[in-house]
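Each chain, letter by letter, is given below.
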Amino acid sequence: MYGRKAFQLVKELASGEKGQLTPYNSDLFDQVTAECSQHHLELQSLIRKIQEEGLDVQTTRNSEHYGSLIHHLSLVRNKRCLMAYVYNRAEIIRSLIWKVGPVLPQEIQERLSHTEEEYFKRHSAALQSYMSRLDLDLTVDMVPPKDPYIQVRVLDDIGVVLSDDKTTNFARHSMHFLKRTDAEQFISRGLMEELTD
Amino acid sequence: MTSESASTPGIDGDYEALISTTDVELLKRAWRNEKAAPEILHFESALIQRIRGQIQLMEETVEEFSGSGIDPLSVSLYQMDLDRTQYLLRSYLRIRLQKIEKYTFHISNNSEVQSRLSGQEKGFARRCNEDLERHLEESVLSKLPDNYRDILKQSLISEENDMVPEPHLDTFVVCKSRRFLGPFQLDGSDELLEMKPDDLCIIHYKSIRERVQEGEIDLV
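Sequence order for the protein chains is A and U. Under full-length UniProt numbering, think of the first position of the first sequence as 1, with each following residue one higher. Under full-length UniProt numbering, think of the first position of the second sequence as 1, with each following residue one higher.
Isolated chain A, as found in the complex (with noise of 0.2 Å):
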């Protein structure tokens, strides 16, 4: 049936997690430009029928005309599903930049194609530049500040630290009550992980 493969591709992006990639499907999406193309061929040659029997193709109505435009109708409502398929992608990868960084872990590198790890990475520079000539980064301060202290545990060996004016050592596993600013850039590290009741 027609236009069976696109919705298929559709319904996989629909039905994922929200905000999470699934594996970029490029097995599906080549079968649904092939199906593309079909149609396009089976357009042009109903249309060339309709020129060998010498009618006007704006105005005939006949069994060619009809049968083009599902063709055609086909091949539109293909690439709409096309275009929402990556559009939509494209729209959790920026998401992406905000939540991990401009470095993507393995992990989720693997589910994009290849034009969406070129995306990504355009992206995410187009965001810096923005960035340095406001000379303001807009990646920390992610949820409004409580309190400008927490609570926070400590990750990984991260050895003695001088802050303000006072050294802490903060050895793995350990529980501190920091200021905020200065637990962040730890935290955004994977450093430590703030506590919440």
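Read the hints as simulated data drawn from the structure, not as lab findings. Note that beta-carbon positions come from the ideal geometry of N, C-alpha and C, so glycine has one too. Keep in mind that the hints are not guaranteed to be accurate.
Interface residues of chain U toward chain A, partial, derived using beta-carbon atoms under 10 Å [what the hints assert, rightly or not]: (1) Y87; (2) V113; (3) S115; (4) R116; (5) L141; (6) Y148.
Between beta-carbon pairs, the in silico distance windows are [said to hold, decoys possible]: (7) U/G215 / A/D56: 54 to 64 Å; (8) A/Q128 / U/Q56: 14 to 24 Å; (9) A/M1 / U/E214: 47 to 57 Å; (10) U/S118 / A/Q51: 52 to 62 Å; (11) U/Q98 / A/V103: 18 to 28 Å.
For this one, chain A is given, so just place chain U on it according to the hints.
Frame of chain A; chain U shown alone:
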């Protein structure tokens, strides 16, 4: 005694009026509007410039205080105030960026919307548009038959751009008026609405859009 107590409400009123026009309050209002509005609003360039100056000043003050042995409690209060302002500023700019990312094709085709962006945002929007266009071009459009390769139209025979995601202006928003608004006509309908200050209203964004842009109505 009586004269004193009589004058207090006046002072309180003045104080509240004064507080509500500090730059931080104005930023909070701009942030709230931006957050709730489905479309991108005018960039508050003068306000943002003032806020950034104030943040710098506050940072210097906090640094100076914490070096000079002033009561740590008041230093941490200053710090907290500073943190909140910085969050507001960053979040405000972030929300705008996300709207630019989301409606990049709509923005690049519409000079009225473009005029609402700051210079830097315009640069970002342009790159955003180029990148996404290129990505869609390479992933999808180049694989389609010739007549179906347009990025804004479904096919060559579409008369207008029918593939551009646009903000939904008829979504509902919660809003309140800053002052008494006499019966006014809602945009796009013949209904009349009267709003008292601080009355909460749930209404189509579309129908109060211009009043939000003029600053008469705030979104919540």
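Hints and how they fare:
no.	hint	verdict
1	Y87	holds, 5 Å
2	V113	violated, 18 Å
3	S115	violated, 18 Å
4	R116	violated, 16 Å
5	L141	holds, 8 Å
6	Y148	holds, 6 Å
7	U/G215 / A/D56: 54 to 64 Å	holds, 58 Å
8	A/Q128 / U/Q56: 14 to 24 Å	holds, 22 Å
9	A/M1 / U/E214: 47 to 57 Å	holds, 53 Å
10	U/S118 / A/Q51: 52 to 62 Å	holds, 54 Å
11	U/Q98 / A/V103: 18 to 28 Å	holds, 21 Å
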